[in-house]
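K.L.:
With these hints in hand, go ahead and build the complete structure from the sequences.
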Amino acid sequence: MDDNRTPKAQSSDQKKQNDQYGGRWLPEKSSSPARKKSRLPLLAQAGPVSLWMVLFVTLPLLFIIYVSFMTRGTFGGIEYRFSVGSYETIMDPMYFTVILKSFRVAAVTTGLCLLFGYPLAYYIARKPQETASRLIMLLMIPFWTNGMMRLNAWMLFFQVNGPVNYLLTHFGLTEKPVMFLYTDWLVNVGLFTNMLPFAVLPMYSSIEKLQKSLLEASFDLGAGPAKTFLKITLPLTFPGIFSAIILTFIPALGTYTVTDMLGGGKVLYIGNIIKNQFGAIRNWPLGAALSVLLLVITALLIFLYSRFAGLEDMEVV
Amino acid sequence: MRYNWTNTEISFYKRGGFLSEPIVTLSHVEKWYGNNHVVKDMNLEIAQGEFLTLLGPSGCGKTTTLRMIAGFENATEGTILVQGERVEDKEPYQRDVNTVFQNYSLFPHMTVYDNVAYGPTIRKMPKSEIKERVKEMLEMVQMSGYEKRKPDELSGGQKQRVAIARALINNPKVLLLDEPLGALDLQLRKQMQIELKRLQKKLGITFVYVTHDQEEAMTMSDRIAVMKDGVIEQIDQPSQIYQKPRTRFVADFIGESNIFEGVVEKAEGKLLTVRLAYSGRDMGLSDNGREREIGVVQALSGDDTCPPGSRVCVCVRPEALCVSECVQPGFSFPAQVMDSVYMGTLIKVMLRTADGQEVKYSRFEETEGLEEGKKVQLYWKPEKAVVMPDDRFQS
Chain A
1 MDDNRTPKAQ
11 SSDQKKQNDQ
21 YGGRWLPEKS
31 SSPARKKSRL
41 PLLAQAGPVS
51 LWMVLFVTLP
61 LLFIIYVSFM
71 TRGTFGGIEY
81 RFSVGSYETI
91 MDPMYFTVIL
101 KSFRVAAVTT
111 GLCLLFGYPL
121 AYYIARKPQE
131 TASRLIMLLM
141 IPFWTNGMMR
151 LNAWMLFFQV
161 NGPVNYLLTH
171 FGLTEKPVMF
181 LYTDWLVNVG
191 LFTNMLPFAV
201 LPMYSSIEKL
211 QKSLLEASFD
221 LGAGPAKTFL
231 KITLPLTFPG
241 IFSAIILTFI
251 PALGTYTVTD
261 MLGGGKVLYI
271 GNIIKNQFGA
281 IRNWPLGAAL
291 SVLLLVITAL
301 LIFLYSRFAG
311 LEDMEVV
Chain B
318 MRYNWTNTEI
328 SFYKRGGFLS
338 EPIVTLSHVE
348 KWYGNNHVVK
358 DMNLEIAQGE
368 FLTLLGPSGC
378 GKTTTLRMIA
388 GFENATEGTI
398 LVQGERVEDK
408 EPYQRDVNTV
418 FQNYSLFPHM
428 TVYDNVAYGP
438 TIRKMPKSEI
448 KERVKEMLEM
458 VQMSGYEKRK
468 PDELSGGQKQ
478 RVAIARALIN
488 NPKVLLLDEP
498 LGALDLQLRK
508 QMQIELKRLQ
518 KKLGITFVYV
528 THDQEEAMTM
538 SDRIAVMKDG
548 VIEQIDQPSQ
558 IYQKPRTRFV
568 ADFIGESNIF
578 EGVVEKAEGK
588 LLTVRLAYSG
598 RDMGLSDNGR
608 EREIGVVQAL
618 SGDDTCPPGS
628 RVCVCVRPEA
638 LCVSECVQPG
648 FSFPAQVMDS
658 VYMGTLIKVM
668 LRTADGQEVK
678 YSRFEETEGL
688 EEGKKVQLYW
698 KPEKAVVMPD
708 DRFQS
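Respectively, the protein sequence lines represent chains A and B. Position 153 of the first sequence, counting from 1, maps to 153 under my numbering, and the rest follow consecutively. In my numbering, each residue's number is its place in the second sequence (first place is 1) plus 317.
It cannot be assumed that every hint is accurate.
Unchecked claim - Partial list, computed: chain A residues near chain B (C-beta under 10 Å):
#1 211
#2 217
#3 220
#4 222
#5 223
#6 224
#7 227
#8 228
#9 231
#10 236
#11 238
In short, the hints are calculated from the structure, not lab data. Beta carbons: idealized from backbone N, C-alpha and C, even for Gly.
P.N.:
So, in structure tokens, the structure goes:
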């Protein structure tokens with residue numbers, strides 16, 4: 001009566017199933033002996049990647065940490081003498097306020113990206129393949145223009161005598177032109193438009209992989225559209241949402257071009273401060289220390305978040 | 318060709334097929350996908366507690382019909398009733414039917430327990446009751462002890478059991494099964510067929526089953542609806558379908574059959590005398606378009622009337638053929654043994670008539686008297702053969 005299959009058959013079945021869900025849903029827990037055997041070739045395969053990672057990620061990171069413990073030279077630059085001076089400096093509550101504000105802006109940006117990005121991704125994913133590719137193309141086209149140009153365009157658009165203010169005053173919605181420039185609000189808009197594709201793409205690929213028959217099964221079992229969305233669509237596309245959060249939150253946190261231009265000199269974010277330490281102020285150790293701080297906080301948050309969401313064995317990005 | 322009510326169906330009523338109101342009624346249902354007419358004027362009544370199979374080759378509209386009952390597709394025209402209630406405008410989640418999908422469609426992020434409990438949870442059944450019901454269902458499909466597994470940790474057959482439990486827990490009026498065993502290997506499929514049939518008998522729930530596997534349909538169904546190009550060609554009990562195919566397509570699709578073309582010469586009640594004229598068009602043997610004669614045979618007419626002079630097909634199953642060395646008193650015609658294959662319990666023999674038509678013959682006994690090249694006489698008992706109008710000559 002029962003269909004005891006051989007382990008081999010089962011694991012191949014499982015593999016098939018994995019393919020069906022884009023290989024996402026089940027990290028292969030079985031067949032450990034087979035795994036051990038192929039460990040060496042696996043390492044060999046990963047070799048070039050590891051090398052690449054060490055060269056371009058680990059070493060620069062270690063250098064930043066190293067620099068953060070050095071002393072600032074009198075005329076800028078680094079004096080290779082151990083000191084924790086930079087870390088003492090960033091204990092200043094001012095930095096805490098700046099970081100908090102940066103987090104707020106990054107969080108709002110991420111929120112906006114999810115709020116607008118998810119429906120957009122869903123809409124695109126439900127279109128036939130060809131239409132979907134075209135829509136994604138449309139989404140990407142703005143990114144073929146220079147980033148500075150786009151930011152300048154936003155500035156012109158929202159400046160005191162720009163078209164937005166013209167319309168507002170023309171229709172008597174406001175008496176005086178609104179000062180859009182150099183506000184958190186405009187920074188958010190700028191970041192949002194900058195980040196949207198990075199939020200849409202991973203969510204699109206997640207939603208696209210979602211089998212339509214699963215939704216049908218949910219309907220069939222009596223769940224309406226809202227319940228189906230909450231119980232099936234959302235959990236099954238969560239990897240995409242998670243990737244979207246990572247891909248928008250972290251760049252938004254460290255950005256300085258958008259905040260520099262749209263935020264002017266007036267609003268300071270952590271990204272600008274770090275950039276200034278390495279640039280105009282030439283206090284490399286302090287810049288490095290701030291970078292390390294940002295890195296630690298971000299890593300901690302992502303760790304907590306993935307723990308909380310039970311994503312340990314989820315493949316991200 | 319349009320579907321009409323037939324004698325066999327009327328006889329189904331007489332046999333007591335519909336003791337009560339039909340549970341599902343499709344009347345004049347049409348389905349168009351753009352310019353593609355997928356289901357054509359479908360009329361179908363499904364009896365309470367019946368195991369009905371929609372059988373046909375891919376693209377015949379069987380799955381579409383099922384999906385229209387489930388509510389995943391809207392009928393372009395016509396009405397669909399479930400227990401006397403019109404459901405065309407109801408969403409799938411408002412209908413009292415449940416589906417078992419071909420690819421199982423278990424929710425990959427949920428355990429077996431959560432999958433089975435999905436329906437009752439949505440309907441806000443008390444937790445303790447859900448627990449009990451799930452236990453009961455998993456026992457029924459012999460999947461107790463698998464509650465905490467994820468679908469990916471199950472084999473194909475196990476997944477299908479869970480999918481069946483997940484559908485049946487809702488006490489549907491009708492269970493729709495869309496080629497549920499299609500992805501399983503042969504042995505497992507045969508075993509599941511028996512189990513499904515047993516389950517259906519035990520629960521008394523109406524099953525509407527879609528498959529392209531005629532053997533599967535034969536094994537499980539109370540009635541089979543054979544579909545082709547969006548039309549039901551014939552609907553009847555498996556034995557009736559096999560013995561009295563109504564069209565050439567049904568005769569060809571269900572089991573093996575020999576089809577002889579000819580013209581009715583004489584009709585005495587049900588007994589028809591047919592002059593076989595093999596045109597040989599399929600084999601390029603046509604003699605300047607002139608048809609060559611095989612001989613005169615006798616057979617019973619089916620449900621459709623075949624007046625003298627009309628073009629017909631005579632369908633004879635390989636096992637209904639008789640072989641003899643000498644000319645028979647009623648009728649017989651010569652043929653030559655081409656090839657024989659020993660299949661264990663069965664011997665399959667390929668013969669060729671004087672005119673080149675290949676004839677399949679099978680029997681249980683030895684191959685004696687069927688050596689290659691041997692010339693024999695073919696005949697059959699008239700009641701073992703059925704005559705049907707040749708649909709190639711119908712408008």
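K.L.:
Against each hint, give a clear statement of whether it holds in the structure.
P.N.:
Hint-by-hint comparison with the structure:
no.	hint	in the structure
1	211	7 Å, holds
2	217	4 Å, holds
3	220	5 Å, holds
4	222	5 Å, holds
5	223	5 Å, holds
6	224	5 Å, holds
7	227	6 Å, holds
8	228	8 Å, holds
9	231	8 Å, holds
10	236	6 Å, holds
11	238	8 Å, holds
In the structure shown, no violation is registered for any of the earlier numbered hints.
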